[in-house]
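**Q** Chain by chain, the residues:
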Amino acid sequence: MALMRITSPHAHNKQSTSDVMKLVLLATLPGVLALTVAFGWGTLINILLASIFGLALEALALAARKRPIAFYLKDYSALVTAVLLGIALPPYSAWWILLTGMFFSIIVAKQLYGGLGYNPFNPAMVGYVVLLISFPIQMTVWAAPIELLPASVSVPNLWDSLLIALGFMQFPSVDGFTMATPLDLLRQNNALMIDDLKQQYSQFGQWGGTGWEWVSLGFLVGGLYLLYRKIFTWHAPISMLLALALMSALFYDGGSSASSGSPPFQLLTGAAIFGAFFIVTDPVSSAVSNKGRIIYGAGIGILIFLIRKWGNYPDAVAFAVLLMNFAAPLIDHYTQPTTYGHSKKSKS
Amino acid sequence: MNKIWDFHGGIHPLENKTQSLTKAIVTAPIAPQLTLPLSQHIGAPAKPIVQVGDQVLKGQCIAEAVGPVSVPLHAPTSGTVIAIEQRTIPHASGLEDNCIVIEANGNDEWRTRNPITDYTQLDKNTLIKIISHAGISGMGGAGFPTSIKLNTRDDIAIDTLILNATECEPYITSDHSLMREYADEIANGVAILAKIIKPTKILFGIEDNKLDVVDGISAALAQHDFAALTGLATEAEVITFPTKYPSGGEKQLIQILTGKEVPSGGLPAQLGIVCQNIGTAVAIHNAVCLDEPLISRITTVTGDAVNQPCNYHVLLGTPVEFLLAQSDYQKNQSARLIMGGPMMGFALANTAVPIVKTTNCILAPTEEELPTPPPAQACIRCGMCAEACPASLLPQQLYWFAQGKELDKLEEHNIADCIECGACSYVCPSNIPLVQYYRASKVDIRQRKVDHQNAELAKERFDARQERLQRLEDEKIAARKARQAAAKLAAEQRGKEDVKNAAVEAAVERVKAKKAKGVQESPAAKESENQANIIATESDDPIARAVAKRAAQLAEDAANPENKLIRAIDSAKQRVSKSQTRVVDAEANNDENLAIFKQAAEKAEAKLASAQQALIDFRAQSSAQE
Ligand code: SF4
Ligand code: SF4
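Chains A and B, in that order, give the protein sequences. Number 107 in my numbering belongs to position 107 of the first sequence; there are no gaps in the numbering. Count along the second sequence starting at 1, add 1000, and that's the number in my numbering.
So here's chain A without its partners, still in its complex pose (with noise of 0.2 Å):
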């Protein structure tokens, strides 16, 4: 056997890119589990139709790129793209929603940028925000918790969710099936306590909203899972939840509707949780160095809670991530950490 000639170093970690990938999309399941749980089939069918739009699209671009598709598919970047997506839009959405999101996603925010590693903006919130604002009506939608809806209203099955999304099937336009998230509640009421509006609408649920209490705390497990396996750092997500919670700790006037909820009820509500371990985490777009994270986590809680308490969207986290996405590189700048050999201390 002829020998080898390459250079040191000779070992290597075995964990690839395709394995935190695929960890990354293990650690979704408690989250979208309790999310088909609360909300019924239409995440996954989400998530079912963004993935196959996702991994065709990526093919295409691969293929119109004239670069190996097989090889850049294995990455799995564009499964984690799709799911991510899946995740954030209402359950339900039709599959042409899902298809623009995936091609502003995949198209547009990764693959004209060069593809993996390049992107400047997160691409899951690049296709979100796309759609946020080119359909506000159906990204506004959201399905109403199982558990609240009135017993004359079923739930659709896997295959009626399915029919829904293709357009096959008429989606429920009985009253209680839909119903305002307790984010949307609480902007629309300005003069009411929030111990009213609790009793008012039973999306209230005991910390945050009902269903969504579970839904954080699945993301939340598979978060934890990742910080433990070191897929990511704490900095960027921490600082991101403590920012969010000391904004809300601020403004927070013991309970009246106009000061946007406790700061257990913002971390637990939307998409807080799942924004902080899945979105904010995106390495490719985000800072690069410890500090850089923290100051860019922290960055997207505030913004959050700006965003939450004076915008007129339903959830912060996408517009959050992307502003501080723009921010990216000044923190870099700013945050390089300093060299061995030069610090102060060794200079005097």
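Computed list of lysine-lysine pairs in DSS-like fashion (alpha-carbon distance at most 30 Å, straight line): (1) LYS1017(B) x LYS230(A); (2) LYS291(A) x LYS1260(B); (3) LYS1017(B) x LYS14(A); (4) LYS1442(B) x LYS14(A); (5) LYS1442(B) x LYS291(A); (6) LYS291(A) x LYS1409(B); (7) LYS1405(B) x LYS74(A); (8) LYS1003(B) x LYS291(A); (9) LYS1405(B) x LYS66(A); (10) LYS1331(B) x LYS14(A).
Now the stretches of chain A that chain B is said to cover, found in silico as 3 or more residues with beta-carbon under 8 Å: (11) 12 to 25; (12) 115 to 124; (13) 332 to 339.
These aren't lab readings, by the way, just hints derived from the structure by calculation. Note that beta-carbon positions come from the ideal geometry of N, C-alpha and C, so glycine has one too.
Could you slot chain B with the ligands onto chain A? The hints should help.
**A** Frame of chain A; chain B with the ligands shown alone:
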């Protein structure tokens, strides 16, 4: 107990050290032929002092050091020099270099040795000289001449001597087995080092995966009275710290043991620290106490492609394949052959290359053991590399800039401080050969520096040349102008010429007449001279004035030809002095055109001489006429 610090990053690769530690050190047989590269150290290659056909004895010097940064080379065994030629050397490049090849005669016969019984009586310089003559260069890392490292400047006080027994690379156990079996020699080497550099602290650093040797080393060190050796309250201490790659890097070890960082681009000596490898300590012991130069070392042979991994006491110059054969090497299972460890070692081009002073390990892994890395995927900026980097760099950014060949950015991001430890490549999930990029970029940066210096030089030369050309051009223009002015004047004169000619004729007539009549004056000539003088002094127009002046001169010349000759002499004199100053300047500035200027000066002198001669001739003539 000395406090220990942590360093940023680091990794925990599989250690794979036990395989080669099951046996005691084996003395390898003498290979039939030993190949000794003249350059096994950093610095100038040694110069052979033997010839092909010479008989040499074991330990005999066969090549001497050239210049200050160099070390000599000695025959590892007795035999015949059979070649001094280019052979493939153990280097990442796979290049050839000059080697002395010795055919062993099997007697292994020593030259006479004069061991020193009591080194404590020797002074620093004598000890350093012994070390330098023994051909000792660093045996752990790059192979820097040890004597230079020890010969610290007097104005820098060294208070800490660090012994590097870390051996953080996976697989390698040569230092570990050295400590198991040569504790006394190590301690003795440490004592000699202490005698030379007189530290107040001796820190002996060991990773905590080698705890079995700590007692032995401590006991051996305790045999020495370091305080007496240095005349200070010196104490030696064995310090263990958590195993983490690359804690054996000099900079990292210093950080672990002292909490200090070696300034970027600086040396440990600036912090009052000297760091030595324990293999070097043993070599120093051998050189001083046994009068044995550096001709052998301990080398680990390991990896799944050898059936009997172990440590060898092996003569320098032994071919790798000879050593591998001792360990029952399975060639067909060996995918690559690495000199050094899996993190920083380099792949060998062939098995004929020799063991050299820095060879601590020959690693023969199978493909399953160290698989061929899969093709690199895109950098996902996960930051694992930055987490792992012991130099606190941002490897992903460096990679980004290296791809774009942005050398300025690379320098800004301190690529120079990368120690090429490979931790970043090790952890990179996308399997990007990061270190390879950095090595290439460092070469590019070095090249650019050289190019830059060359360009500066070229520019200076170009500027000087431009200046010279400009000066010549200016002179030419001035000369042309003068000629043009003269021509113009001549043209103007031509009108007057007729008058003048007539005047001259008339004058001639008159002279003739004068001769006849005895009249002395030449009123016509005088008149034209006066006229010109008036214009020369009174006109407002400078050109007219110049022209008139020249005309006046010409007229004067016509009247008195001697003037012209005198003026010629004056201008020749001026030219001579000018050309001479230029020669002096040129000499001062080392101008490359010195020769040309000298020639010009000689010419000017010759012209002056001829002008003077012309005047002399003229005067002689006119006096003869009169
Ligand atoms: S470890 Fe590899 S993929 Fe991750 S940031 Fe560094 S270079 Fe990029
Ligand atoms: S090779 Fe250089 S950049 Fe990579 S970890 Fe080591 S010091 Fe850092």
